[in-house]
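Student: Turn these sequences into a full structure, and let the hints steer you where they fit.
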Amino acid sequence: MTRGEKHDGEEQGFDADRWLLIDGRRWRRTEPSLPDDIVAALKSHLGRGRSGVRTARRAGDEAGTAAARRRNGLAKLGLGERGPYWWEVPEKERLAQARQALRDLDDMDMSEDT
101 MTRGEKHDGE EQGFDADRWL LIDGRRWRRT EPSLPDDIVA ALKSHLGRGR SGVRTARRAG
161 DEAGTAAARR RNGLAKLGLG ERGPYWWEVP EKERLAQARQ ALRDLDDMDM SEDT
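101 is the number of the first residue of the sequence shown in the numbering used here; add one for each residue after it.
For the record, the hints were derived by calculation from the structure and aren't laboratory data. Don't take each hint at face value.
Keeping only pairs whose Cα atoms sit at most 27 angstroms apart, straight-line, the calculated BS3-like set for lysine-lysine is [claimed, not checked]: (1) LYS192 with LYS176; (2) LYS143 with LYS176; (3) LYS192 with LYS143.
Each pair of labels, with its calculated beta carbon distance range [to be verified]: (4) SER151 with ASP204: 14 to 24 angstroms; (5) PRO132 with GLY173: 18 to 28 angstroms; (6) MET210 with ALA166: 28 to 38 angstroms; (7) TYR185 with GLY124: 28 to 38 angstroms.
Even for Gly, the Cβ is constructed at its ideal location relative to N, Cα and C.
Tutor: Right, dumping it as structure tokens:
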């Protein structure tokens, strides 16, 4: 069995439109109705956050690790991968949440530059 495959009968009732199954663990998928430009921007922040966690941890920088984890959390919230289940929230609210997360992430960039 390769990474990402599931055993026969595993996860009865598994909803592939909402969940991604990797090594037997369910991960919430990105909210599919978000515009591509917003998804790309949020994923860029997510990648930067992950890199920031790795770099800060290696340097023993607790404040840097916390800031990078905050970036990850905001990006995942905007993508619908954290917070309320995106399929239970009206689409208009999901889009507003994604845009707010992106504004908050951009504000983080502005405060880091000063």
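Student: It remains to establish, for every hint, whether it holds in the given structure.
Tutor: Hints, one by one, checked against the model:
no.: 1; hint: LYS192 with LYS176; result: holds (18 angstroms)
no.: 2; hint: LYS143 with LYS176; result: holds (8 angstroms)
no.: 3; hint: LYS192 with LYS143; result: holds (20 angstroms)
no.: 4; hint: SER151 with ASP204: 14 to 24 angstroms; result: holds (19 angstroms)
no.: 5; hint: PRO132 with GLY173: 18 to 28 angstroms; result: holds (21 angstroms)
no.: 6; hint: MET210 with ALA166: 28 to 38 angstroms; result: violated (18 angstroms)
no.: 7; hint: TYR185 with GLY124: 28 to 38 angstroms; result: violated (20 angstroms)
Of the numbered hints listed earlier, those contradicted by the structure are 6, 7.
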